Amino acid sequence: MECQVSSFHKVKAQKEVKMKIQTNLIKLGQVFETQEEAIVFCGEQLLAGGYVTADYIPAMIERNRELSVYMGNFIAIPHGTDAAKKEVLKTGITIVQVPRGVNFGNDADSKIATMLFGIAGVGNEHLDLIQKISIFCADVDNVVKLADAQTAEEIADLLNSVEV
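In terms of full-length UniProt numbering, the sequence shown is numbered consecutively and its last residue is 164.
Think of the hints as simulated: they come from the structure by calculation, not from any bench.
On a predicted model such as this, the values are computed, not experimentally measured, just so you know.
Where hints are given, some of them may not hold.
Ranges of calculated distance between the beta carbons of each label pair, as one might list FRET restraints [stated by the list, open to error]:
1) Lys-90 with Asp-148: 27 to 33 Å
2) Ala-48 with Asn-124: 23 to 29 Å
3) Asn-24 with Glu-62: 22 to 28 Å
4) Ser-134 with Thr-34: 20 to 26 Å
5) Val-140 with Asp-109: 16 to 22 Å
6) Asp-157 with Ala-108: 34 to 40 Å
SDA-like cross-link-like pairs, simulated, lysine to any residue; straight-line CA separation at most 20 Å [what the hints assert, rightly or not]:
7) Lys-132 with Leu-25
8) Lys-111 with Gly-101
9) Lys-132 with Asp-157
10) Lys-145 with Thr-23
11) Lys-27 with Arg-100
12) Lys-132 with Thr-53
13) Lys-145 with Gly-72
All C-beta atoms, glycine included, are put in the ideal place defined by N, C-alpha and C.
Build the full structure now, drawing on both the sequences and the hints.
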């Protein structure tokens, strides 16, 4: 018996999310006392850029409480909860350089992030963004280049040149 498979199943159209970095969403030399302050700052950048509604910011804080947004290698990727997807207007990313670092752990187990990637994604596009950032930042030398960058253009060039 021959099995017929619809063309929908034969060709799964995969939407590629291009991590196009906008220099106006890159913030250099920021200082934060707490992880919550850092997350709120990322959310405010996404809000100002028209990527999210104001209700997305508390969802970013809640997401970090549920499961830390610290990813290792001196990076954190603040983003909202699944319930907050309705607050995302369009997919976007803000990149925040924190030279002194911000602790996403605690006194006993510090987890210092010097680069923050605040993201918001329509549908599941945030997963693609997290994957692309994680692949690039898996090499700590890449994180050092971002942390040492002197201009927003330098950071944008580094990330826009990545093929993943």
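Tested hints:
no. : hint                             : result
1   : Lys-90 with Asp-148: 27 to 33 Å  : holds, 30 Å
2   : Ala-48 with Asn-124: 23 to 29 Å  : holds, 24 Å
3   : Asn-24 with Glu-62: 22 to 28 Å   : holds, 27 Å
4   : Ser-134 with Thr-34: 20 to 26 Å  : holds, 24 Å
5   : Val-140 with Asp-109: 16 to 22 Å : holds, 19 Å
6   : Asp-157 with Ala-108: 34 to 40 Å : holds, 38 Å
7   : Lys-132 with Leu-25              : holds, 17 Å
8   : Lys-111 with Gly-101             : holds, 9 Å
9   : Lys-132 with Asp-157             : holds, 15 Å
10  : Lys-145 with Thr-23              : holds, 16 Å
11  : Lys-27 with Arg-100              : holds, 14 Å
12  : Lys-132 with Thr-53              : violated, 24 Å
13  : Lys-145 with Gly-72              : holds, 16 Å
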